[in-house]
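Chains as they are written, first to last, in the working numbering: chain A, 1 to 276; chain B, 1 to 276.
Hints are not guaranteed to be accurate.
Pairs count within a copy or across copies, as identical chains cannot be separated in the list.
[Stated by the list, open to error] Straight line, CA to CA, 20 Å or less: simulated SDA-like cross-link-like pairs of lysine to any residue: (1) K183 with Q54; (2) K182 with F38; (3) K22 with I160; (4) K114 with T204; (5) K114 with E203; (6) K114 with R201.
These aren't lab readings, by the way, just hints derived from the structure by calculation.
Number of protein chains: 2
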Amino acid sequence: QQICAGAGSTVKVGVRLTTNPKGLWRKFGILPEKLAQFWERAQECTNLRFQGLQFHTSWNLSPAAQIDFIRHLGQVLSGLPSAALDQIRFIDIGGGYWPPQGEWLQAAGTSVGKLKMNLGQDPGAPHEHYRLPSCAIEVFAGQISDAVRECIHSVVPCRICVEPGRWLCNDAMHLLLSVVDKKEDDLVITDAGTNAVGWERFETDYFPVINLSRPALEEKPCHILGSLCTPHDVWGYAYWGEEIRIGDILMVPTQGAYTYSLRQHFIKPLPQVIIL
Amino acid sequence: QQICAGAGSTVKVGVRLTTNPKGLWRKFGILPEKLAQFWERAQECTNLRFQGLQFHTSWNLSPAAQIDFIRHLGQVLSGLPSAALDQIRFIDIGGGYWPPQGEWLQAAGTSVGKLKMNLGQDPGAPHEHYRLPSCAIEVFAGQISDAVRECIHSVVPCRICVEPGRWLCNDAMHLLLSVVDKKEDDLVITDAGTNAVGWERFETDYFPVINLSRPALEEKPCHILGSLCTPHDVWGYAYWGEEIRIGDILMVPTQGAYTYSLRQHFIKPLPQVIIL
Numbered sequence: 001q002q003i004c005a006g007a008g009s010t011v012k013v014g015v016r017l018t019t020n021p022k023g024l025w026r027k028f029g030i031l032p033e034k035l036a037q038f039w040e041r042a043q044e045c046t047n048l049r050f051q052g053l054q055f056h057t058s059w060n061l062s063p064a065a066q067i068d069f070i071r072h073l074g075q076v077l078s079g080l081p082s083a084a085l086d087q088i089r090f091i092d093i094g095g096g097y098w099p100p101q102g103e104w105l106q107a108a109g110t111s112v113g114k115l116k117m118n119l120g121q122d123p124g125a126p127h128e129h130y131r132l133p134s135c136a137i138e139v140f141a142g143q144i145s146d147a148v149r150e151c152i153h154s155v156v157p158c159r160i161c162v163e164p165g166r167w168l169c170n171d172a173m174h175l176l177l178s179v180v181d182k183k184e185d186d187l188v189i190t191d192a193g194t195n196a197v198g199w200e201r202f203e204t205d206y207f208p209v210i211n212l213s214r215p216a217l218e219e220k221p222c223h224i225l226g227s228l229c230t231p232h233d234v235w236g237y238a239y240w241g242e243e244i245r246i247g248d249i250l251m252v253p254t255q256g257a258y259t260y261s262l263r264q265h266f267i268k269p270l271p272q273v274i275i276l
Numbered sequence: 001q002q003i004c005a006g007a008g009s010t011v012k013v014g015v016r017l018t019t020n021p022k023g024l025w026r027k028f029g030i031l032p033e034k035l036a037q038f039w040e041r042a043q044e045c046t047n048l049r050f051q052g053l054q055f056h057t058s059w060n061l062s063p064a065a066q067i068d069f070i071r072h073l074g075q076v077l078s079g080l081p082s083a084a085l086d087q088i089r090f091i092d093i094g095g096g097y098w099p100p101q102g103e104w105l106q107a108a109g110t111s112v113g114k115l116k117m118n119l120g121q122d123p124g125a126p127h128e129h130y131r132l133p134s135c136a137i138e139v140f141a142g143q144i145s146d147a148v149r150e151c152i153h154s155v156v157p158c159r160i161c162v163e164p165g166r167w168l169c170n171d172a173m174h175l176l177l178s179v180v181d182k183k184e185d186d187l188v189i190t191d192a193g194t195n196a197v198g199w200e201r202f203e204t205d206y207f208p209v210i211n212l213s214r215p216a217l218e219e220k221p222c223h224i225l226g227s228l229c230t231p232h233d234v235w236g237y238a239y240w241g242e243e244i245r246i247g248d249i250l251m252v253p254t255q256g257a258y259t260y261s262l263r264q265h266f267i268k269p270l271p272q273v274i275i276l
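Chain A with its partners taken away, still in its complex shape (with noise of 0.2 Å):
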């Protein structure tokens, strides 16, 4: 408002809704409970037009949490005076909607690796992988617009805007890698280092390493290791092919959620980006 206020302009805002009171997700937005509050206030801000809500319930593997946030947010929308109903032209349902493949995890990954790990065992075996099954995109879409057309449209007629920005950018881009080693028949090692997507995701999230190079439909145990010099430079514990050998060039597919905006440049350069 100030900052308004001293340009002599106005902008239009909206609000975000805290999702969960409680731990570090709560940093998000405002208290559905305090709209009201919130409104009064910006009614006072002259130079700020208040204009809509949004909220993020992350990691949707289904739409429930969503919907569980759309049916509170219909309760506290019936509660709001006509007059601050009028103001809203758009909710925002935020994003985390996940790719129709599901999470898949490394052994790792999973809570019962994890317990194994921390009572000092092995998580698993390499080769085992462990789905979380999502939902497709046209479920999200219906039984959101069911949720929607109930608690929120029967309150107030607004816009209703979606962020699917991982469910759009998961499948775009894939990982080539090559084999510039093999240390041992079960240990290769790439050019690439896991820098290139800027966290140790291989260790606990599961992707398939497919040898281009000696296709095959069977996945063989191997560690497929980066050229960093840390130990948590992992692509996998297995590739999919007949054999392995240097030279091949090796794919990690539907990387692209969370990994370019996150690449570091440690050690090795980055990957060169192709535009297909």
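Here the structure of chain A is known, so what remains is to put chain B in place on it, guided by the hints.
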């Protein structure tokens, strides 16, 4: 060898030794037991001049792991032909020498805390910190020297190198943050996010957050969070100071190792680096 032969030049080479033949560490180096074999191959490479050895045991809170490997290496060396020993000009004892303040952990970084989290419980109170003690650098120097004298120099009178990078860097950089918002009495937001260090360090590692603007020898519980759109953007769960307000300058000390080199261009601009 091929490259050097092609260029008509000769290069001095050393070889890294594997300190742990199991798990992800096995990617580094060759087994000490294969050193004789390696030396024979190196002799055949007329453009390479074998000169030395390196090993790295990492995360050394005490010199125990380094000394164990030095003893093992002494035995291996005493079995090598004297022609091989004559070529060894240096042995490099790698890095990972821990700073003297020890390793400080949040409850979530301890094995008990991890186990509790695995069982769905809180890892521990936010103001509980845990210290794994480490040795002074003089203790490392003294004990490693004794082991080298006894096990290495009795066989090979070579130069000894060390890589105390973490020890040198750790205390050489500190982070300064400003408080930009105080959302609750026990929740503040800072201008910088943890992309400045490139990993979610402070969820498991403890470093004091020192309020330079209102100093006090008392630590008060408060979520100190960055301004990224991730809930893992945590600096700490408490601060040292009388109180905390918008505009206060906070210091997170001793952030020199594995931070600057891992930082990420992610959402927020990277902080300026000032060399004093």
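Consistency of the hints with the structure:
Proximity of K183 and Q54 under a CA criterion of 20 Å is satisfied inter-copy only: 18 Å between copies versus 52 Å inside one chain copy. Taking CA atoms no more than 20 Å apart as the test, K182 paired with F38 passes between copies only; the shortest distance there is 16 Å, against 62 Å inside one copy. Taking the shortest Cα distances, K22 and I160 never come within 20 Å of each other, neither inside one copy (27 Å) nor across copies (54 Å). For a Cα distance limit of 20 Å, the shortest separation of K114 from T204 qualifies both inside one copy, at 10 Å, and across copies, at 15 Å.
In this assembly of identical chains, K114 and E203 lie within 20 Å of each other by CA distance both inside one copy and across copies; the values are 11 Å within and 17 Å between. In the homo-oligomer, the alpha carbons of K114 and R201 lie at most 20 Å apart both inside one protomer (15 Å) and across protomers (19 Å), since each shortest distance falls under that limit.
Of the hints listed earlier, the one the structure fails to meet is number 3.
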